[in-house]
Amino acid sequence: EDQVTQSPEALRLQEGESSSLNCSYTVSGLRGLFWYRQDPGKGPEFLFTLYSAGEEKEKERLKATLTKKESFLHITAPKPEDSATYLCAVQPSSGNTPLVFGKGTRLSVIA
Amino acid sequence: DAGVIQSPRHEVTEMGQEVTLRCKPISGHNSLFWYRQTMMRGLELLIYFNNNVPIDDSGMPEDRFSAKMPNASFSTLKIQPSEPRDSAVYFCASSLNENQPQHFGDGTRLSIL
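Chains as they are written, first to last, in our numbering: chain A, 6 to 116; chain B, 194 to 306.
Bear in mind the hints are in silico, worked out from the structure with no lab data behind them.
A portion of the hints provided could be inaccurate.
[What the hints assert, rightly or not] With a Cα cut of at most 27 Å, we get these calculated BS3-like pairs of lysine-lysine: (1) A:108 - A:64; (2) B:271 - B:261; (3) A:73 - A:47; (4) B:217 - B:261; (5) A:108 - A:62; (6) A:73 - A:62; (7) A:84 - A:73; (8) B:217 - A:84; (9) A:84 - A:62; (10) A:47 - A:68; (11) B:217 - A:47; (12) B:217 - A:108; (13) B:271 - A:108; (14) A:108 - A:47; (15) A:47 - B:271.
[Unchecked claim] One side of the interface only, derived from the structure: several residues of chain B facing chain A at Cβ under 8 Å: (16) 236; (17) 238; (18) 249; (19) 258; (20) 259; (21) 263; (22) 267; (23) 291; (24) 292; (25) 294; (26) 295; (27) 297; (28) 299; (29) 300.
[To be verified] Output of the computed footprint for chain B on chain A, the stretches with three or more beta carbons under 8 Å from beta carbons of chain B: (30) 31 to 40; (31) 43 to 54; (32) 107 to 115.
C-beta: ideal position from N, C-alpha, C; glycine also.
Isolated chain B (complex conformation) (with noise of 0.2 Å):
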């Protein structure tokens, strides 16, 4: 079975460029979420989706920052314009509905320089 997918694995990129980060969910999941990891802050949840409906965008740390979800099979996290601060590793992840076990992609590593 495919796991989530996300695209690029890396993006090295320089400041004031935009980033987009994709992913396509698992099929038939019906909620999506986008994290950010470091090693101060750990896992944060930036927003999340259900059935392609964002729910809680309260974790976008600004208007840099913007997601969407057309449909059911693909996110975007588009960051604009790029700061070195956002240098992190982003995450999605999907699950059947917002109470099930949430399922992970590998990750983009994302460095801006």
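Next comes chain A alone, as it looks inside the complex (with noise of 0.2 Å):
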């Protein structure tokens, strides 16, 4: 069975304070490896799609990378901003399932 495993579940971090969020996954083949932004009250929000080990990309004060294993979210020096609930999600090559979703970390910077 596909599985995501999100850890930790809650974070609390002091502005400008670095730190990464992470993502484990077990899929018979990943196609590819996507992470959200939700917001209270919101929907998830895109942030990247990850195709293969050791690829990476950047946004602003995030970086998320992966393994064949795992993919982890850089936060470097995060602002009250940042505060959000991060998703991570694996799509199958296989199966009619288009994502499986982490349960999320729930991220909170203090300034």
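Got two chains here, separate frames each, mind docking them using the hints?
Here it is in structure tokens:
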């Protein structure tokens, strides 16, 4: 069964304190890995897609990396506006399920 | 650009009533997805459509749930009869095709009393 596990469940950082969020996955074959950001009362907002091990994508203070078993979302010098829940999802290369989501990491950045 | 539009944003109704959730995907997107989000189970895919045709409905909890996509610009998710355990946030998402990033609406928060 395809599975996605995110850790930690919640993370509290001081403004400027860099850290990383983890997404571990087990799939029979990986077509792509997606990162989303979700603010309270809103739908998930697409951030990145990664397709192969070694690939990296960057956007402002966020950088996503991918290995064969996990992905990391690195947050450099975070600001309070980076506070949100970050969701990871994998797209298996077989079967009918387009995306399997993890339960997310709730990030709070304190000024 | 208009994103995915869902209505209503909030719905409170009594057990046993019929509930209809609505979704307008992004114009030009050929794939549409319905999800349910709860604290316990996270985001779960209920059903998805390609070119208005249902492809996988294995996530639909039971026969009380049904979804339709009569045309490329509209879809509904219906629950009849509703039960308290159906209370959740329901999201609709669309994408160019099933392999492209999905874009989500802001959801319908459903409460069944």
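(request) Report the numbers of all earlier hints that the structure fails to satisfy, in ascending order. (result) 3, 7, 8, 19, 20, 21 and 22
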